[in-house]
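For this one, chain A is given, so just place chains B, C, D, E and F on it according to the hints.
Take a look at the letters that make up each chain.
6 protein chains.
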Amino acid sequence: MSELELPVVAVDRIVETALEEDLAAGDLTSEACIDATATAVAHAVARHELVACGGVVFARVFARLDPGVVFESHVVDGARVPPATKLWTVRGRARAILSAERTALNLVQRMCAIATVTRTYVDAVPRGRKTRITDTRKTTPGLRAVERYAVRVGGGQNHRDNLSSAILIKDNHVAACGGVRLAIERAKRHSYTCKVECEVDTLAQLDEALAAGADIILLDNMDTPTVAEAVRRTAGRALLEASGSITLERVTELANVGVDAISVGGLTHSVRAADIGLDFEP
Amino acid sequence: MSELELPVVAVDRIVETALEEDLAAGDLTSEACIDATATAVAHAVARHELVACGGVVFARVFARLDPGVVFESHVVDGARVPPATKLWTVRGRARAILSAERTALNLVQRMCAIATVTRTYVDAVPRGRKTRITDTRKTTPGLRAVERYAVRVGGGQNHRDNLSSAILIKDNHVAACGGVRLAIERAKRHSYTCKVECEVDTLAQLDEALAAGADIILLDNMDTPTVAEAVRRTAGRALLEASGSITLERVTELANVGVDAISVGGLTHSVRAADIGLDFEP
Amino acid sequence: MSELELPVVAVDRIVETALEEDLAAGDLTSEACIDATATAVAHAVARHELVACGGVVFARVFARLDPGVVFESHVVDGARVPPATKLWTVRGRARAILSAERTALNLVQRMCAIATVTRTYVDAVPRGRKTRITDTRKTTPGLRAVERYAVRVGGGQNHRDNLSSAILIKDNHVAACGGVRLAIERAKRHSYTCKVECEVDTLAQLDEALAAGADIILLDNMDTPTVAEAVRRTAGRALLEASGSITLERVTELANVGVDAISVGGLTHSVRAADIGLDFEP
Amino acid sequence: MSELELPVVAVDRIVETALEEDLAAGDLTSEACIDATATAVAHAVARHELVACGGVVFARVFARLDPGVVFESHVVDGARVPPATKLWTVRGRARAILSAERTALNLVQRMCAIATVTRTYVDAVPRGRKTRITDTRKTTPGLRAVERYAVRVGGGQNHRDNLSSAILIKDNHVAACGGVRLAIERAKRHSYTCKVECEVDTLAQLDEALAAGADIILLDNMDTPTVAEAVRRTAGRALLEASGSITLERVTELANVGVDAISVGGLTHSVRAADIGLDFEP
Amino acid sequence: MSELELPVVAVDRIVETALEEDLAAGDLTSEACIDATATAVAHAVARHELVACGGVVFARVFARLDPGVVFESHVVDGARVPPATKLWTVRGRARAILSAERTALNLVQRMCAIATVTRTYVDAVPRGRKTRITDTRKTTPGLRAVERYAVRVGGGQNHRDNLSSAILIKDNHVAACGGVRLAIERAKRHSYTCKVECEVDTLAQLDEALAAGADIILLDNMDTPTVAEAVRRTAGRALLEASGSITLERVTELANVGVDAISVGGLTHSVRAADIGLDFEP
Amino acid sequence: MSELELPVVAVDRIVETALEEDLAAGDLTSEACIDATATAVAHAVARHELVACGGVVFARVFARLDPGVVFESHVVDGARVPPATKLWTVRGRARAILSAERTALNLVQRMCAIATVTRTYVDAVPRGRKTRITDTRKTTPGLRAVERYAVRVGGGQNHRDNLSSAILIKDNHVAACGGVRLAIERAKRHSYTCKVECEVDTLAQLDEALAAGADIILLDNMDTPTVAEAVRRTAGRALLEASGSITLERVTELANVGVDAISVGGLTHSVRAADIGLDFEP
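Residue numbers (this note's numbering), protein chains in the order written: chain A, 1 to 282; chain B, 1 to 282; chain C, 1 to 282; chain D, 1 to 282; chain E, 1 to 282; chain F, 1 to 282.
Looking at chain A on its own, in the form it has when it is part of the complex (with noise of 0.2 Å):
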C-alpha cells in the first residue's frame, strides 16, 4: 500500500490553497496567546477505526508554515488501524503547529474517510472474485488528486482522472450520435490509445456495444439478474462496469454474478470526515 505515490505539485497547490484561505492574514489567538518561540508537540489520533491516509499531506501542511516541524508517522497509508491509534506526530513550534491544526486535519479527515469507505466496498468483494471498486468524477472541486490517492489507498481504483483521460459515452452522446453503435464508431476513430466506454441501459444497447467494440461498457442501474445475463452476454469481449445506487449488498452479489468493476460515487461526494483529533502533549 506504501507503493502509492500522491502527485506532489498537485499536493503543494491544494495545500496552498487551503493555507490562504485560513490563515492567509495570520493567526490573531496564537499570537495573542502563545510565546513566538514556545514549542509542542502534537499527535494526530484516529478516534474511531479507520483507515490511515495522508501522512505526506499532513506533513506538509505544518512544512509549510515552519520548515522546522519535524514529522513522524507510526502507520503507513493503507493501514486499518483500531480507534485511540497515534497515526502521525508533529514537533515544533507551538505557533505553527497551532496555526496549521485545523487545515491538516480538514485534509487527513477526508483522505481517511475516503480511503476507509472504499476499503468497505473492497472487503464487500467476495474472496476469489476480481471485481474491482472505482470511484468517478464526482470528487470535490479542487481535491481530486489527494481523493483519487485516497480510493487507491482504501483498496479501490481509479476511474478515469478527467475528460481528457478517456471516452466515457453516455446517453446524451449516444442520442446526439443517433445510436449507440455510431457513438463507438466515432470515438474509436477519434482516439486508438484511450479505451472506449459506453453507458448502456438495455441489454439491446449491451448487444450494439459489443459488436461495435467497446472496450468497457457501463450497466447503468440495471438489477442483479439483467447484470448476470449481460456478463453471461459479453463472455469476456468486454469488461463491464455496473454502477448507480451501490449498497454494500450489491457490491457481494454483483461481484458474485462476475462484473468486472462497480463504480460508487459515494467513495468521494459523501463521506463523513473521519474523527481524527490533534492532542498535544501536556
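Among the hints, a few may not be true.
[What the hints assert, rightly or not] Ranges between beta-carbon positions, derived for each pair: (1) E/P67 / D/L203: 49 to 57 Å; (2) D/V76 / F/R127: 56 to 64 Å; (3) C/K86 / F/T252: 50 to 58 Å; (4) D/E3 / F/H48: 48 to 56 Å; (5) C/D12 / D/R189: 35 to 43 Å; (6) F/A204 / C/D279: 50 to 58 Å.
Hint data in this document are derived by calculation from the structure and do not stem from the laboratory.
Ideal Cβ positions, reconstructed from N, Cα and C, are used throughout, including at glycine.
Just chains B, C, D, E and F, lined up with the frame of chain A:
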C-alpha cells in the same frame, strides 16, 4: 434569502480550479461524438426534496466554457423544493454543456446538500427560540466561500471566517497561557475589534471566562443540564455557544435551555451530496 | 475539421502567460508613436502554403488587450491554403493590435506549422490504409493543449495527454519489473480504464507482450521487415504503433505493411515556424 | 560561459507549469511498475554534437518532484561536446526520475538546440569581426527567459526582452507617425533611458533615421551591397542591425561589410530539438 | 515585540510578486559586471533613527534568489535604533545580493516607516492612558499583511483585516437601512461572532447606537469636547474609536478624554519610506 | 495626456490581488445592511487640488465585482483639477459599489498622489529647459505598472522598468569590475540594444565614463556647481542624470545648469495619499 451574496472573486477561482482539474486538456468524448455546432437544452432537476443553493455558481461554470450559454433560474437560493423540481436551465452549445456538466453538478450538489442539512438543524430550533445554528472552520479546503454561503442559504450563520477574523481560545491556548483568565486577558489586549471567544470544559472555567470578560464562551461537549446551568450563571453577560456531538434532538434541547448558538462541524464536513440530475431535452 | 475543439481554460492561461511575458509593463513604442484613438485593420497572411490553425487563439490575444477588437476569420482550421492567403482579420484600436501582434503571431505560426507538418505525414499514408499519425509527449512545455489541437487539425491523432491519462511501459519500467510480461500484468492490475501500451525492441518481446494482453505495442526503432513480421504475428490481437526516426518515406512503407499507428515526436518538437505576416491596411 | 545567469523566478514558473501539464495527476505507469523505494541512476547523454545548455533547469525538474534527487553536472553550459557525451547525472528515487524524465528532456533539448544553432551563427562571423548575433521576440510563448539564456550560452546576444524594455519603431509605427523622422522624435521624447531603434527599408530612410538621431537602425531585408553602403553612410553614427532571411553565408557576408549586429528569428522559432537521451544505469 | 508573527504564505506571495516585477527576466547589469562566483557581504544600515521592522521579509527576498545566502539579524523587530545602526547582514553570491537589493529595500523601507510612524503615535498617548492606536483598511493594495504587521511592530493594533472579518457600519449603510438603530439590529442578527461597529457623526446618533447595542462606536471627525461628552455618555457600554484628521497633538487630547482607540489611515497610506542603505563590505 | 496607456494585464492582476485581499470572503456589512437589489450612484470627488489619474483602474475594480456597474469619467487622466471636482461616477448595485469602494480608492488615491507630486517637480523645471523628471525602481512592490503610469500622467518619464530592461552600473558594480571604464566596457559588450548608464561620484569618474562611452551618466549626490562642471565637460557626449536628495529648489537649479534628467525616488516611495472621497447620491 435571495438577499445573500456570493463573493465573486472566490467563486471565479473555485470554478477555474475545478475546470482545470476536469477539463484542462479538453473533453475527448464530446469532441468525438457531438457536432461542434449542435445545441442543447438541459435542466438541473432535484431528485429529492432539498434546499436550492448555488444557481450563480452553476451558471458560471457553463459561462466559463462558452459565454453564449444562456442560464435561467427557476428557484431562488434558499427555497425548499419538492422532488423533481426543475431548478435551473442552460441552453447553448451542446459540447460546452456536456463538458461542464460534471463540474457544475459537483459544486451545486455539495452546496444544496449543505443548505439542506443546515435547514434541518435550523428547523430543530423550537419556534420562539433565538438560538443560532452556525458552521465551523471544518470546511472543505478550497471551498470555504461557497460552503459558508450555503450555510447562510440554509438559514444558518457563519462562525469566524478564518484564523485572522476572530479570536477563539482553545484548550491548548489556555494551557499555554496558564489558565482561562490569563488567556482572555492576552486576547483582549491583542485586539479590540474582534470578539474574544473562549472554549471551556467546566463550569469553573465558565466562571473564570465570565470574570475575564469573554464575549463568547464555547461550551465544549457539555451535557444539557450543565449547559442550562451555564446559561443561568451567565445571565446574559456573554453569548454562549454549544458544540460537540450535536444531533437534531440536542439542538432542540439546547435551544430550550437558552443557549445562544450551536456550532455544527457536520454542516460542512460530512454531508451527502444532493442528488441533482442534468436532464437534456430530447 | 471545424469539428475540433480548443480547451478554453488552457488557451486563456497560455495567452495570459504569453502577454505577461511580452507586454506586462506596456508597449513603449506604441505609446510613443501611435495615437491612443487611432484605429487599424490588419490581416494575417500566409506567406507560403500551409494548413490554417489557431484562429480562435489569434482572436483571443487581441481581445485580451482590447475587447473592442473585432475579429474575422476567412478560413476554417484545417484548410490547406495557398501562399498569400488572407487567414484572419482584426480591426480596432491600433495600439492594441500592434502590441498584441508578436504574441499572436508567435502562437499561430507554431500552430500552423504543426498542423502543416502533420498533414504532410498524414498524406504520406497511402489511400486505403488506416494507419494513424500521432503525436507524443515531446511537446513544448506549457503549450501542450494548443499543440495537440494543431496535430488534430492537421489530421493526426493525439497520443496520451500526460502521465496520468494512459499507461505506456518503457524499457526502464520493463527492466524494473523484471520483464515485459510482469510489467504488463502489474499495469493491468493497476487500471482497467486505460489501455496498457508496452514498448518492445524485439519480436520476442512482442510475443511476450501479446501473451500478456497488452492493448497497444510500441515497436521501437524496428526496420520495416521486422514491423511487417510483427503485424503478421499480432494478427489483430493488439494495436501496433511504430516509432523512431520516422521519415515520410517510412510512413508509406510502414503503413503499407499494416501498422496501426505511427507516432512522430517531430510533429511538435522540431517544427519550423510558419511564415505568417500581419499586413496593415494603409 | 558559466558566467551567465538563469533567472530563477522565471525558471521555477516554467518548471511548475510544465510539470502541472504532464504530471499533475500522477504517473500511472511508474506507480504501477516501479517500487516506491527503488532507486535509479540516469545520465543525460548527447546523441550528437551540441552545445550544452540548461543543467540548472534539468536539475530543478527532478528536484521539484523529489528534493532527494542528487544532480551532478559533467559539463558547463556553453561547452561544445561530441556525440555520446554524458552531460548530467541524476540519482535518486526511480519513480521521481522516470516521472520527470520527459519534462526535463523537453526543456533541455530545446535549450541545447538553441545554444547550438546560435553557436553556428556566431561561428559564421569571421575572426576579427565584431558583428553580434542576436535573437528576436520570436520566442516560444512562456519560455522566453530560458530561450534567451540559451542564446547567450550559444555566444549570441539578446535583443530587447519585451515591449517595455526598448523602443523599436517598425514600418507601421513609421506610417502612423508620418515618417521616420517624426517617429524617432516622438520616441526620443518618450524615453531617454532606452535606445531608439528604427527599422528602415531604403537608404533614404536610413539617412532620415541618422539625421533624427536613432541609436540603432534595423536594415530590413536589404541585400549585402546595400548594407555595405549603409555602413559607409552611417560611419559609426548609429549601430546597424541587419535582419531578414539570414543564412550562415549571409552572416559571413554581412559581417564582412561591417554591420554591427544580425538578428535571427530562427534562433528560437524554428529549432530542431537536440537529441538527448536519458540512459539509466542497469 | 519579537512575539509578533508574519504570515508566511502572504509574505511568500508578496516577495514572489515583487521579484517577478523587477527581476523576472534577469539582471543585465550584474550578469555583465559581476563574476558568477563572486561573493559579497552587505549590511542594511538605518540612515536615521527608526523602528526596525521586516528582517524576515528582507531575508526571504535574498533566499528566494539563492538559498545559499546567509542572513544575520542584529536587531529584533520593534527595536528603536539610532542612525547608522546595522540592522541586518547578508552574505553570499554577489549577483544574488545585488539583484535582490532593491526589492528587499523597497519592502523593508516601507515596513520600517510604518512601524516608526506608528510608534510616534503610540508614544503620543500619555502614560497611564490605555488608548490604542490602530490602522485602517487604507493599506497599499497587495501589501496588507506586511503593513498590518508593521503597525503591530510599532506598538499599534490592527483594525479589522478585511470586509469579511468584522462589521463596520458606515454612513451609507445607515442611510440604506433607515437609521443607526435599524442598521445595528440587522448587523447583530447577521453575525454573533464579530463585533458590530457603527460610525456616528453626532451625539444623537451615539445615543442611538448605544441603545441598539453596538460593540464599538466610531466617532467620525468629532472635536475633542464632543468626544469627551461621548465618553461620558457611553460610560463603558461600548468601546469608542475616534478617527478623522488625527495629528499627534490630537492623539494626546483624545487619549486624555478617555477614548478607547484612535484609528489613523496615515499609518499606512502616506508614509515616507525609511532611508535604509545596503552597504557592501569592500 | 490621454495618450498614455495602462497595461491591462498588469492592471487586472493588481485589481484581482487587491480584491482578494479585502473581499475574498465577502462583505459582511453590506450583506447585512444593504438590500441585494438596491442601487446607488456614487461620485469620486477630489477633496483638494490634484492631478487626476487612474479612471480606468477605478472602473475596473467595480466592474470586477459587478459587470453591470456603469462608469463615467468627468476628467481625463493628467488634468489638474480644483478641490471638490467630481472625477468619476459609478452607478449600479449598491452592494457592489460599497464593497469595492475602499479598494478602488486605495488605488486611485495613490495614483493621483504620484501624478500630482510628479507634476510639481515637472513644473519646477524652468520654461525652456528640457530637463526631464524621472522615476526610479523605488516603487511599491506589486504596483510598479500603475505607479509608472502615474508618473507619466504627471508629466514625468519612466526610468528603466526593471533589472532586465536597461543597464545601470552602480558603485558596487564598479568596485567589482575594478573601475568605471572596465565596468562600462563589460556592459557594452553584454548588450547593444540597451543604453549603458553609469553612476559616478566624482568628476574624475565622469571623465572615465565619458571616455568609455557611457550613454547616460548618473551624477550621484553632487552639488549644483559640480553638476554644472559635469555638463560643461560632457558637452553632449552623454546624457546626464542627477539624483540624490532632490528638492523642488534643486530641480530648478539643476535644470538651469543644463542637466538632462533628474530622477526622484520620492515620486513613488513617499507620497501622501490624495484625499478622494466617494460621495453617494442621497
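Here is what the structure says about each hint:
In this structure, E/P67 and D/L203 meet the distance hint of 49 to 57 Å, their C-beta atoms being roughly 55 Å apart. Checking the proposed 56 to 64 Å range against D/V76 and F/R127 shows it holds: the Cβ atoms sit about 58 Å from each other. Checked against the given bound of 50 to 58 Å, the beta carbons of C/K86 and F/T252, roughly 57 Å apart, stay inside it. As the Cβ distance of D/E3 to F/H48 is approximately 53 Å, the hint placing it in 48 to 56 Å holds.
Distance hint check: the CB atoms of C/D12 and D/R189 are about 37 Å apart, consistent with the given range 35 to 43 Å. The given range of 50 to 58 Å is respected by F/A204 and C/D279, whose C-beta atoms sit roughly 54 Å from each other.
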